[in-house]
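Undergrad: Below are the chains, spelled out letter by letter.
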Amino acid sequence: MAAPTKETMINWYRQMVLIRRFEEKCAELYQQGKIGGFLHLYIGQEATGVGIAAALRQNDHAITAYRDHGIALAMGLDVNAVMAEMLGKRTGVSGGKGGSMHLASREKNFWGGHGIVGGHLPLAAGIALKAKYLEEDEVVVAMMGDGATNIGYFHESLNLSAVWGLPVLWLVENNGYGMGTAVDRASGQADLVKKGIGYGLEQDPGFSLSFNGMDVVEVHEAVSKGIEWISRNGRPLFMESRTYRFQGHSMGDPERYRTKDEVARYAEGDPIGVLRNRLIEKHKSVQATLDKIEVEVVDEIAKAVEFAESSPVPTYEDLVSYVYA
Amino acid sequence: MAEKNITIREALSAALREEMLRDERVFIMGEEVGVWGGTYAVTRGFLDEFGARRVRDTPISEMVIAGSAVGAAMAGLRPIAEIMTINFAFVAMDAIVNHMAKVRYMFNGQFKVPMVLRTTTGGGKQLGATHSHAPEVVFAHFPGMYVAVPGTAYDAKGMLKAAIRDDNPVMFVEHSTMLQRRSVVPDDPDFVLPIGKSDVKRQGKDVTIVTYQKGLEWSTQAADILAKDGIEAEIIDLRWLRPLDLEPVFESVKKTNRAVIVEESLPRYNVGAEVTAQIQDQVFDYLDAPVKRVSALDNPLPYASNIEMMALPDAQKVVAAVKEVL
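So the sequences go chain by chain: H and D. Remember, this note's numbering sits 1117 above the position in the first sequence when you count from 1. Remember, this note's numbering sits 18 above the position in the second sequence when you count from 1.
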């Protein structure tokens, strides 16, 4: 598989910085009371979302749980419309009716943004069934947190996908904790990829099922291989992105379950820093471009906030629309 | 138009078959729908006729049966997913309530969920407490989906075809003890009934009985008994718990000034509670007596037949309730 070009990596860098600044702005707006409900930030996990989105082919699909801002932006959802959704405006991607956890774009093949742990996994199976039923070469990447691997939906969905031969890449973003409970305190099998064995899923596809989720290049390569394998074999795979979230589970998490030292240790492997160093090592001249991106992104986020703040709130008609078709 | 006297089972089977022939995107999935032929034999022969692509046996996995049907429907197919009995639908409650009924709304209309979730309901078969419910009203609590409760072969066929053709998710509830009931049904692939229309099943001037499904049988038997005393009961079959069409009920109560609601479900927070509330709200001034409800006893159902039957409604209980309001 060809190494990504400089331009491609610069584009990934832009996306990751966009997500980081977006999330930081959301935290600020949450503290100001402008964003309500729950807010689950993707800070630290940007390489996974960006790497996945980059690996998808034209007609492939992505679906995820409630930590969805990063993959939504990486899937190309308009940053203004995503910010407007955060602020509960009618210009939001879900018209202000979904909120932070329920972003989606049918047009971009991004199927949400789902708030119930594991609840989206059967949906992924169903979307994949459509592709199989109509004999279309499409793969669904179903992202989930490590906590979701312990819920009943996980078992039923992986099992059905194996029995029916559905083109799904089940992808666990293992950030170490399901809310505040460490993986080895919640899962009898803490080596998560081994959970696929019980469903007869392929364990030796010719590449590692578990990869470093803090390196976008590695994520892109692993997920690309996974998609290619699924497309060729017509069977699902279960893969693991080893990642880490630098913020709490959601806003207001007291983080009693981990030490500041641990967070600081992982921060040294910040995925944005990793990519930046990699780019600069190879192409000294790129530094100015990356610095420019930083400035441009701050401006883009400011404009998104301005768009969202000046957008109208939903109306009574919005409240009662789309309950039925 | 040609007509046939067929059972509810045959009516359901005909509806499924006609719609599968009509639309390639319609398919069936569920436990024992294929090789077995359906645990109630509704899909017998379907695997041979349509093949394993369109008649899909699943593992015993209600959460993913309901949930993957939602995903397939969102993506453009028209699944008919079967939950063998409504008791098992509790296992799939989140997929039904949080996903099937809400994905359209939550994403502001970006997705449609054109699916049917077929299931069977009802007690009276000595199956013990966990297998003996008529809890369809629970599912009618939630906006975003419809709940169908046909009580005749005619309705079963026309309503199931409507459910399959509609772009909304429909929980289609069949009564497990009524599958052999017969009625005359149009033998016409274009026979489709409207969604959310109740039906006056018997005309009468003395009392309005509002009911559905098994309650329709008890009420019809009760009306025959009452007729011998010269009491004419009007029976309104709701047919759908959501959308709930009470206009004919209001019209009837204006005429009879009395209402009894008959159902198999438990008495607390049930269909009768809702219908009673709406009757008093809409036609209070026409009532000459309090509205009465007949339902199961507020109690789990047991195994032993004699006490199971004590807990369920029957025609005599309906007769007694009617006499109280006269």
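Think of the hints as simulated: they come from the structure by calculation, not from any bench. Treat the numbers as computed from the prediction; the structure is a model and nothing was measured. A hint or two may mislead.
Claimed, not checked - The list that follows gives simulated cross-link-like pairs (lysine-lysine, DSBU-like), each with its CA atoms no further than 35 Å apart:
no.	chain 1	residue 1	chain 2	residue 2
1	D	Lys143	D	Lys215
2	D	Lys130	H	Lys1342
3	D	Lys246	D	Lys341
4	H	Lys1249	D	Lys130
5	D	Lys246	H	Lys1142
6	D	Lys223	D	Lys130
7	H	Lys1214	D	Lys130
8	D	Lys130	H	Lys1420
9	H	Lys1249	H	Lys1142
What the hints assert, rightly or not - Sample of chain H residues with no beta-carbon within 12 Å of chain D, all distances over it, derived:
no.	residue
10	Arg1223
11	Lys1249
12	Ala1299
13	Glu1338
14	Gly1390
15	Ile1397
The beta carbon of each residue, even a glycine, is placed where N, CA and C say it ideally should be.
Undergrad: Confirm or reject each hint.
TA: Here's how the hints hold up against the structure:
Taken as a hint, the lysine 143 of chain D and lysine 215 of chain D pair is honoured in the structure, with Cα atoms around 30 Å apart against an allowance of 35 Å. A hinted pair counts as satisfied when its Cα atoms are at most 35 Å apart, and lysine 130 of chain D with lysine 1342 of chain H qualifies at roughly 32 Å. Taken as a hint, the lysine 246 of chain D and lysine 341 of chain D pair is honoured in the structure, with Cα atoms around 13 Å apart against an allowance of 35 Å. Distance restraint check for lysine 1249 of chain H and lysine 130 of chain D: the Cα-Cα separation of roughly 20 Å lies within the 35 Å cut-off, and the hinted pair is therefore satisfied.
Taking the CA atoms of lysine 246 of chain D and lysine 1142 of chain H, the gap is near 77 Å; set against the 35 Å cutoff, the hint is violated. Our distance criterion of 35 Å between C-alpha atoms is broken by lysine 223 of chain D and lysine 130 of chain D, whose separation comes to about 43 Å. Annotation: proposed proximity of lysine 1214 of chain H to lysine 130 of chain D holds, straight-line Cα distance about 16 Å (limit 35 Å). Distance check on the hinted pair: lysine 130 of chain D and lysine 1420 of chain H sit about 33 Å apart at the alpha-carbon level, within 35 Å; holds.
For the proposed pair lysine 1249 of chain H and lysine 1142 of chain H, the alpha carbon gap of about 41 Å is over 35 Å, so the pair is violated. A beta-carbon of chain D is positioned within 12 Å of the beta-carbon of arginine 1223 of chain H; the least distance is around 4 Å. Distance to chain D contradicts lysine 1249 of chain H as a non-interface residue, since its nearest Cβ pair spans about 9 Å, not more than 12 Å. The Cβ of alanine 1299 of chain H lies farther than 12 Å from every Cβ of chain D, with a closest approach of about 26 Å, so its non-interface assignment holds.
At roughly 28 Å from the closest C-beta of chain D, the C-beta of glutamate 1338 of chain H stays outside 12 Å, upholding its exclusion from the interface. Residue placement check: glycine 1390 of chain H keeps its beta carbon more than 12 Å from all beta carbons of chain D (closest about 35 Å). For isoleucine 1397 of chain H, the condition that its CB be more than 12 Å from all CB atoms of chain D holds, with the nearest at approximately 40 Å.
Hints 5, 6, 9, 10 and 11 from the earlier list are contradicted by this structure; the remaining hints agree with it.
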